[in-house]
Amino acid sequence: MAVAEIIIACLAASMLLMCCVTCFILYVYHKTSSRLRRASRGRTPKQVQQLPKVEEPAPPPVEVTTKEIAVIAAAAAADGKNQINGFQKISTPAAKRPDKLRIDTNKVCPAQSAIAMETDYSADSFLASMTKESTNRRRLLQDEFLVLSRTEARRLTRSTDRATRHAAANRYSDIVPYDHTLVELDTGDYINASFVQGESDATRWIATQGPIDSGECIGKETVSDFWRMIVQYDVACIVMLGQHQEDFVQKCGEYWPSAMGKTERYGEVDVKLVCELEEKTWVHREFDVSPTSSYSSSTKSSRKSRASRQQSHMKVSQWQYKEWKDTGGAPRIANFLEFLLQVRGRQYTSPIVVHCSAGIGRTGVFICTDNVISRFESEGIIDIFSEVNRSRQQRPSMVYTVKQYECIYDIIGEYLRNYHQKK
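According to my numbering, the residues represented by the sequence shown are 9 to 431, in order.
Hints listed in this document are in silico derivations from the structure and should not be mistaken for laboratory results. Hints may contain errors.
[As the list claims (entries may be wrong)] No farther apart than 27 angstroms at their CA atoms in a straight line, the calculated lysine-lysine pairs in the DSS-like style are these:
#, residue 1, residue 2
1, Lys333, Lys288
2, Lys259, Lys270
3, Lys330, Lys228
4, Lys228, Lys288
5, Lys323, Lys140
Keep in mind the model is a prediction, meaning the values are calculated, not measured.
Using the sequences and the hints, build the whole thing.
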């Protein structure tokens, strides 16, 4: 009995000792942690600054050759002559470009002392320039695009009052048309669309944003205004560059009937899909378009379109290029050129409506490329730089990125090699 009691007492003492050791270890751990936290909080700014720092070298500024300086200065001088006094500063921010280049402004000479370098080419000289080393060619085109961006920064002070007063009708808040080329609707309503001249200085194009349908929930529905514009200006051809959705993002509203033979009413205009021919990279559709009986009564302007005067059906063609996404850089050059020549071959006499999503990037490439080809066929001159600069005087940010600018050069090169030489 005594032995058992001794064993129990020893076990109890051992357990008590283990508890004491455990408590001591926890106490030491707690004290050590507290000191470390206080030391961390008490570190001075000087100690923080003494931590090692890794600095990345700044990218070198873009070097500019004498000839490229002349291009910049000459373009600035030409743009200054085209300025119109009295325009008010816009209230919306200028469009942000994804491609920006650095340039040392100290290397740009005054325009009055510059010797202009020609930017126009004959067919042979253009093809010869395309054979330059790709790095040098890309560098030259980047510098040209930089000139366009700089001159546009000054041009964006032109008035866009009407566009900014109707912000809900703009798909993108920073892509708004100039007042002096704004397409007027006979109802007095606003639409984000601009008249753009063709090669002969006559109005050949209407560049516009992708219509906003009622299901997009991004602002005012504009599909009805879009079709009213088609009727009012007797438009016989619509060029759509892209698709309704691209990479799960809505780029354009659905503005035509979804089924063959079906008629949809958009505002005061009835649209019937009568034909649809699908090719590998594009779709050609034909619509019967007619204003309703209430169309004329809502017209404020004395100008009457052909359809409103005769209350007749209009035949409207739509050419949709499917292969070129908004974020996809450049299209397949041969396919896009074939599509463009299909539209050119129809020889439409009324303004052609061209749209993508914002109505400036892919739209600008299509319009400028067609104008360059038209001028070459009539004068034998290729001047892409001047054509893009001219289009930007009529709608801001036409040919939105340097990739798109390079794309025009590639398309014209393809045209000269495979189409012009066969004539």
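Okay, the hints, checked on the actual structure:
1. Lys333 / Lys288: holds (15 angstroms)
2. Lys259 / Lys270: Given that 27 angstroms is the threshold and the Cα spacing comes to 24 angstroms, the pair holds.
3. Lys330 / Lys228: holds (26 angstroms)
4. Lys228 / Lys288: Measuring from Cα to Cα gives roughly 34 angstroms; hence the hint is violated.
5. Lys323 / Lys140: Violated. Lys323 to Lys140 sits at ~46 angstroms, over the 27 angstroms cutoff.
Taken one by one, the earlier hints fail for this structure at numbers 4, 5, listed in ascending order.
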